[in-house]
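Trainee: Now for the letters of each chain:
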Amino acid sequence: MARALARINLLRGADGAQALIGIVLVIASIVIPILAGSAYWTHNFLIVSLFVSVAVVQNLLLSDAGQVSFGQGAVFGIAAYTVGMVGTLWSQGFVIGALCGMAAAILLGLLFALPALRVQGYYLGFVTLSAAVVFPQMLVALNDYTNGINGIPVTVPGLSEQGQTGFTLIALLVIVLTSAALLFHAAFRATRAGRRMRVAAASPEAAMTLGIDPGRLRFLAFSIAAIGTGIAGLLYVPVLGFVSPYAFRVDLSIFFFFSVVIGGNGQLLGPLIGAWILYLVPNALLAGWSDYRLVGYGIVALLIMLVFPDGVVGSMMDRLRRFRARESVPLIAMDHLLNDPVTDLSPPASATSAIVVTGARKSFGQLAALGGVDLSVTAGHIHGLVGPNGSGKTTLLNAISGLAPLDSGVIRIDGTDATRFAAHRLAALGVGRTFQTPRIFDSMSIWENLMIGADAAPTHDPWLLRTLARDEESWSESRPDLLPHAQRRVLEIMRVIASDAPILLLDEPAAGLSPEERRDFARLMRFLRDRLGRTILIVEHDLDLVWRVADRISVLDAGLIVAEGPPDEIHDNPRVRALFTGTINA
Amino acid sequence: MLELRDLHAGYGRVPVLRGISLAVAPGEIVLILGPNGAGKSTLLRTVGGFIKPTRGTIMLAGHDIAGMAPEDITRRGLRLVLDGHRVFPTLTVYDNIRLGAAFRGGRMDFDKAAGPALDMFPALREKLKAEARDLSGGQQQMLALAQAFVAQPQVLLCDEPSLGIALALIPPILEFLRRWARQGTSIIIVEQQIEIALGIADRAVIMERGAIELTGTAQELRGDARVHDIYLGLADRE
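Sequence lines, in order, name chains A and B. Heads up: the first sequence runs through residues 1 to 586, numbered per the numbering used here. Heads up: the second sequence runs through residues 1 to 238, numbered per the numbering used here.
It is worth saying that the hints were derived from the structure and are not from the lab. These numbers come from a predicted model, not from an experiment. Check before you lean on any hint, since a few could be wrong.
Simulated restraints, written as ranges between beta carbons of each label pair [to be verified]: (1) A:T358 with B:E195: 50 to 60 Å; (2) B:K52 with A:P458: 45 to 55 Å; (3) A:V295 with B:K52: 30 to 40 Å; (4) B:D72 with A:E569: 30 to 40 Å; (5) B:R55 with A:P405: 53 to 63 Å; (6) A:D544 with B:A69: 34 to 44 Å; (7) B:E3 with A:L117: 50 to 60 Å; (8) B:Q183 with A:R118: 48 to 58 Å; (9) A:R319 with B:D72: 18 to 28 Å; (10) B:T92 with A:V176: 53 to 63 Å; (11) A:D551 with B:L91: 47 to 57 Å.
Don't be surprised by glycine CBs; every beta carbon is placed ideally from N, CA and C.
Construct all of the structure, not just a fragment, from the sequences and the given hints.
Mentor: Following this line, the structure appears as structure tokens:
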């Protein structure tokens, strides 16, 4: 975490800058009313700051982890209510009450994480929403324990006493909590877990091939959200001095969710701006027009979404980014990788098999994609896998990387039976891969896209990143969304190299590359094999390229290996000639 | 049929196209070459309406379509086939193809409209009832072309039709495009399989850093030593 804090570079990075602005706004919004002696505005901003800290962790949950929860209001409420029940009704005092409240919040938050392991998107939204709907009714129904609809008055002496300047301890605690939430979110994004969480949200499939278990990261996200929301719930009690079921209706959960969306999904400052607008406009500015409050609220929300389709902060950042865009997008070149004098030459690979597939069968409904494939890839070799469209090449790669389990057959990686391994366990065995459509994450910088590869490396300090160190600065400032298609492919190849995986599965890596890039790519393949000792299984339609770089080639047609051998030996095989001339059934 | 005059476009303040002028006659195939990042795909997307030009005109059959929405441009008879297999994954192959003609309304004779495309790609005919997501990557690319074919556009813009297609199928696909052009369609292709694509193109244009550097017939370009070396990548510098 300390390293991550140093990395966010508070002055330059957008996340760090937004967190700083947020902290300044939070402090100002509480300190100024206190100094001005306005109890009304002090109270309003204390409440809204607590809501901001809940929205900050909801932002992390929604945009970093991709988890839709409409139930955070219940987590907030259970923390607050437990303080009231244990602290006041059962006379245990605030401290014991707070400890119990925290435990209750974490328990409920993790209960939300359980369905998240099975269901996603709107389904998860409905599950959490039902908790938010039921929660206030439970408070009323269990009135023997909760004092029902009358609520519980809570006084916490000490926290709310004003000092000579008008400051209270609780005001200080609220400032610290909200600032800490913002700082935490900025720092978390720069950590390994933070990057991996965003990858798992954007493409669970690609995440697993990078050794990430998406379920664990969802659990982590719900835990962080529960802790942040729980603490805010505890502090809510002394700020308001009263808890009642009315305060924790489903509207509160929706409020937290909308704060993130209105402010700008994924923007550090978004939840603060969103919560301020949604809370202050109806509750403070339109307080005198209480009859029209809901109408005003609706109009404000509608106008904001029309003017700022990506949320207030999101749309502003988008405009800023376009305005400040560099003259050109950096080009991802392979040149200085290839010119790197690698000193640690790997020992010559012995003739062991890195990948052995036997009797692989896989059907999709009636269609047999693989009809009993045997394939053996020697360690330290480049092995080409060619064949017509729809012959099962990608299906075989998916099976070897654990994304599509075989119906029958055995897959061994370096002698280990990995047939039933999930994709992230195969990644741990040292299998890395790229996809036909490159999985590039546009919300991260180009450098961060490489870092996700490095995060999967056992040493966390892979050769590739050291070699590219001089590009770190410019690639950290550019996003990959403007990269041409072929450059995205190169970036994905670089990422899998950064993972230091000894076995690489490449799915049509040269598609769309220019002739010059193809030449560089061929050099890169040989470099990886000869200098870094990697084993490469390459699926590619550019047969000239495959014949130039591969040590061995397997030809797949209609789910069966129809030819196999070194390039010059099988070149005259009729099944291979057919591939070049087009008489093979496609 | 299609005429671009002094076309400028970019992303935010990043200029990508710097004054492109190009005319394509009915039935003509123009091949666009150049290194990755030269702005080739951006040019197609700008003409297709997905990027608003900052300056210049795009004349389609005598009307300026610069700044129009993509769906309006499509209705006027321009079709854009992007790279990366853009088809509707949960619809069947049959429905995906029919959608190509949907905007014209009325009933269509499927066999007549799609016949030549299905003859070109027998794999699609075999899998008419399958969902598009069950096709391999290369077959999805074929489907995207077939869908564009039934739309019978006046102008077809094609970004790397060979992407993900088996080597043996590339010449027949390009030949298919040539026959398609003979029916009067103007075709612009961006393609990295340069040698094969030059064989069917009437003209080729070389783009670099957002501008047209050179234009000529396939024969002329092959003869130019500099072009030969740098752009066609025929010199072996490995």
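Trainee: If a hint holds in the structure, say so; if it does not, say that too.
Mentor: Each hint, compared with the structure:
A:T358 and B:E195 have their C-beta atoms about 40 Å apart, which leaves the hinted 50 to 60 Å range violated. At roughly 48 Å, the beta carbons of B:K52 and A:P458 sit within the given window of 45 to 55 Å. At about 36 Å, the CB distance of A:V295 to B:K52 agrees with the hint of 30 to 40 Å. For the hinted restraint 30 to 40 Å between B:D72 and A:E569, the CB-CB distance of approximately 57 Å leaves it violated.
For B:R55 and A:P405, the Cβ-Cβ distance of about 54 Å falls inside the hinted range of 53 to 63 Å, so the restraint holds. Taking 34 to 44 Å as the suggested C-beta distance range, the pair A:D544 and B:A69 conforms, at roughly 42 Å. For the pair B:E3 and A:L117, the beta carbons lie near 57 Å from each other, so the given range of 50 to 60 Å is met. Here the CB-CB span from B:Q183 to A:R118 is close to 53 Å, well matched to the stated 48 to 58 Å.
For A:R319 and B:D72, the hinted distance range of 18 to 28 Å is satisfied, since their beta carbons lie about 26 Å from each other. Distance hint for B:T92 and A:V176: a CB-CB separation of about 58 Å, consistent with the stated range 53 to 63 Å. Checked against the given bound of 47 to 57 Å, the beta carbons of A:D551 and B:L91, roughly 42 Å apart, lie outside it.
Checked against the numbered hints given earlier, this structure breaks hints 1, 4, 11; the rest are met.
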